[in-house]
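Let the hints inform the model, and build the full structure from the sequences given.
Line order of the protein sequences matches chains A and B. First residue of the first sequence? That's 1 in the working numbering, and the numbers climb one at a time after it. First residue of the second sequence? That's 1 in the working numbering, and the numbers climb one at a time after it.
A couple of the hints might just be wrong.
To be verified - Among the chain A residues that face chain B by a calculated CB cut under 8 Å, a handful are:
1) S27
2) L31
3) A33
4) L35
5) I38
6) L51
7) I62
8) V65
9) T125
10) E165
To be verified - Chain A side only, calculated, beta carbon under 8 Å to chain B, not exhaustive:
11) E54
12) F55
13) M58
14) V61
15) G66
16) L73
17) F74
18) L77
19) T126
20) L129
Derived from the structure by calculation, the hints contain no laboratory data. Just so you know, even glycine gets a beta-carbon here, dropped at the ideal spot from N, CA and C.
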Amino acid sequence: MDGFGVTFAFWILAAVTLVAGSGVMVSRNLLHAVLFLILAFVGVAGFFVLLSAEFIAMAQVIIYVGAIAVLVLFAVLLTPRASRDNSETVWALPGMLLAVCLAAIFLFVVHDTQWKTMTDAPLLTTQDLGRSLLGTWVLPFEIASVLLTAALVGAIMLTRSAEEEAEDALA
Amino acid sequence: MMPFLATDKWYDLRDLANISSAILDGADRILPFGLVYVLAALIGFVASFLIFVLPSQLFVGVYGERKLIGRIQSRYGPNRVGPFGLLQPIADTIKLLQKEVLTPTRSDRLVMYIAPIFFVAPAVLLFAVIPFGPNMVFADIPVSLMYFLAISSLPVLANFMAGWSANNKYSLFGAIRIVAMTISYETPLVMSLLGAVVITSTLSLQGMVLWADEYKIWLAFVQPLALVIYFICVSAELNRTPTDIAEAESEIVAGYLTEYSGMKWGLFYGMDIGYAIAASAFAATVFLGGWTLFGLEKWVPPWMIFIGKTHLFYALFIWTRGTLPRLRSDQLMAFAWKYLLPLALFNLFIVVTERMIWSEEGYDKAYIYLFAIFNILVSGLLVFAWARFNGYRPDDVPMRPRLVKEARGYVPLGENE
Numbered sequence: 001m002d003g004f005g006v007t008f009a010f011w012i013l014a015a016v017t018l019v020a021g022s023g024v025m026v027s028r029n030l031l032h033a034v035l036f037l038i039l040a041f042v043g044v045a046g047f048f049v050l051l052s053a054e055f056i057a058m059a060q061v062i063i064y065v066g067a068i069a070v071l072v073l074f075a076v077l078l079t080p081r082a083s084r085d086n087s088e089t090v091w092a093l094p095g096m097l098l099a100v101c102l103a104a105i106f107l108f109v110v111h112d113t114q115w116k117t118m119t120d121a122p123l124l125t126t127q128d129l130g131r132s133l134l135g136t137w138v139l140p141f142e143i144a145s146v147l148l149t150a151a152l153v154g155a156i157m158l159t160r161s162a163e164e165e166a167e168d169a170l171a
Numbered sequence: 001m002m003p004f005l006a007t008d009k010w011y012d013l014r015d016l017a018n019i020s021s022a023i024l025d026g027a028d029r030i031l032p033f034g035l036v037y038v039l040a041a042l043i044g045f046v047a048s049f050l051i052f053v054l055p056s057q058l059f060v061g062v063y064g065e066r067k068l069i070g071r072i073q074s075r076y077g078p079n080r081v082g083p084f085g086l087l088q089p090i091a092d093t094i095k096l097l098q099k100e101v102l103t104p105t106r107s108d109r110l111v112m113y114i115a116p117i118f119f120v121a122p123a124v125l126l127f128a129v130i131p132f133g134p135n136m137v138f139a140d141i142p143v144s145l146m147y148f149l150a151i152s153s154l155p156v157l158a159n160f161m162a163g164w165s166a167n168n169k170y171s172l173f174g175a176i177r178i179v180a181m182t183i184s185y186e187t188p189l190v191m192s193l194l195g196a197v198v199i200t201s202t203l204s205l206q207g208m209v210l211w212a213d214e215y216k217i218w219l220a221f222v223q224p225l226a227l228v229i230y231f232i233c234v235s236a237e238l239n240r241t242p243t244d245i246a247e248a249e250s251e252i253v254a255g256y257l258t259e260y261s262g263m264k265w266g267l268f269y270g271m272d273i274g275y276a277i278a279a280s281a282f283a284a285t286v287f288l289g290g291w292t293l294f295g296l297e298k299w300v301p302p303w304m305i306f307i308g309k310t311h312l313f314y315a316l317f318i319w320t321r322g323t324l325p326r327l328r329s330d331q332l333m334a335f336a337w338k339y340l341l342p343l344a345l346f347n348l349f350i351v352v353t354e355r356m357i358w359s360e361e362g363y364d365k366a367y368i369y370l371f372a373i374f375n376i377l378v379s380g381l382l383v384f385a386w387a388r389f390n391g392y393r394p395d396d397v398p399m400r401p402r403l404v405k406e407a408r409g410y411v412p413l414g415e416n417e
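Written out as C-alpha cells, the structure is:
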C-alpha cells in the first residue's frame, strides 16, 4: 500500500470498523447492535476494495449487508423481548474472559506467522476467479451449493406445523 | 476507447469528459496539491445537477409523472404554477421545506434522524458506475454490475430503520413488508441479470454498452424475458404503485413513512424518484444499448442519447403506475416465487445453452440475431404457458368499465354486453 489516498482511506476504514465493532458490543438495544454490525461489514468491504479485490468486496456487501443483516433484523423483530431489557447478565465476566483469550490467540498467530511479501504479485481479475471457481474447483463449489439446498429443505421441514401437514395431506 | 471520440479538443461537446479533463489538467498545474479534487467535485456537482439531476428529478420525475398520470386518468394534472404548471415541483419543494418536522416522543430519535440520510446516500453512489458516454463514466470498475446490485440492496435498510424507529405499528408493518418483498424479488432480479452477463461475458456496464455497439443489437432483443423480469422486480423493489404494498394507503396508512413529515418525508419521496431514475439508467445501459444508437452517437452527443433512453424507460414506470391497480401482499409474494423465479431459471438455462452453441461456432455475429428471434418467440410462449400452468387465465369476456355517459346512465357490472 502506498500513496496518501490509500493510507488515509485505510485509517478511516479501520476507525469506522473498530468503532462499529465496539458499538455492537456496547449498545444495549439489540437493533442498534445489528445496525452497527452492518456498518462493520461495510468497513470490511472497504478493506477488500483497498486490496484490489473488488469482486469479494461487492460479494461482501451483497451477501452480508444485503441478505444476512436483513435476516438478522427479521430474527430480532420476530422475537419481541430480544430488542429490549438487555441489562447485565451473569455471563458478562466469562464472556469478557473468552474474548480476551480469543484476542490473545489471534494476536499470537498473527505475530508468529512468517508473512510473505510479494513484490510482483500476479494481477488476478474477476475472470480468473470465475474460471477457477467454475472450472478447476467446480466440484467443491457444487457440493457447497447442494449443502445449502439441503439446509434450506431441512429448515422448511423443521418449521412446518402439524396443521400444515394435515392441510397438505388433504390436498 | 472509441476512435471517433478519442479527441483532446476540449470544445468537443459530444463527450463532456474532454472539457472536464482539460480544465482539471490545467488546474492541476497551477493549484497546490489536493485542491484539484475539490475543484473536480464542484464541477461534477454543478454539471451533473444542470444536465441530469435537475431535469430528471424535478421535471421528468415530479412534473412529468404527475402530468402523465393526470392524462392517463382523464384529468389535467398540475397546470396552475407557472407556464403549463412547470414550476409545480419547485412550489412543492418550498412547501415541504417550510413544513414542521415532527418526531414522536417515544420514537428512537437518532435512528429516525439517520434513516432519511442513509436513504439518500446510495442513490448518489449508484450513478458512479453508470456510463454516460465513451469516457463519461466516473468509476469504470470491472465489476460495476455487481457494484450496482450491492449498492441498490442498501436502501431497504434505511426503509427498515425508518419503519422501526417510529415506534408505530403501521410503520413496522410497512418495514416488514418492504424487507420481505426486497428479499423475494432480489432473487429473480439477479437471475435475470445473470442471463445478460452470460451472453455478454462481462460484469462491466461499459463493456455491455460496447458489446451492444459491436453486435449492433440491444440486449433487450437477445434477452427479452430478462428485461420483463427485471422491470417487474425493480418495480417491486422500488415500491412503485402497482406493487407499493409497503406504503399502501388503503391498508397501512403510509407504511414506514407514517410518522415522517416535512423535508424528512420529502427526502424519502424525492429519492424514491432518484432510485427509479437510477434503475431506468441501469436498464438503459444493460438492455437498451446505453449511449449508442446505431451510429447516431457520432452526430448527437452520446450522453443526450443515454438520458433520452433513461427517461423513455422511466415513462414505462409511470405508465404502469397510472394504469394498474395495486396487488395484495400475498399475491405479490407468490408472484415472485411461483411465477418470476421459474421463468428466470428457464431463461438462464436457455441463455447458457445458447452461449455454449455460440462458443462452439466461434462467436459468429449471425448467430446472435438467430438467438434474438428464437428468444423472443420462446419468451412469449413461456410467459403464457407458465401462466396457464399456474392457473392464471384471462377471462373470455372481460368486463369493461364504461363511461356513464357512453352507456347512457348507470349500468350495473355484468349486465352490459
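**OP:** Report the numbers of all earlier hints that the structure fails to satisfy, in ascending order.
**Re:** 1, 3, 6, 10, 20
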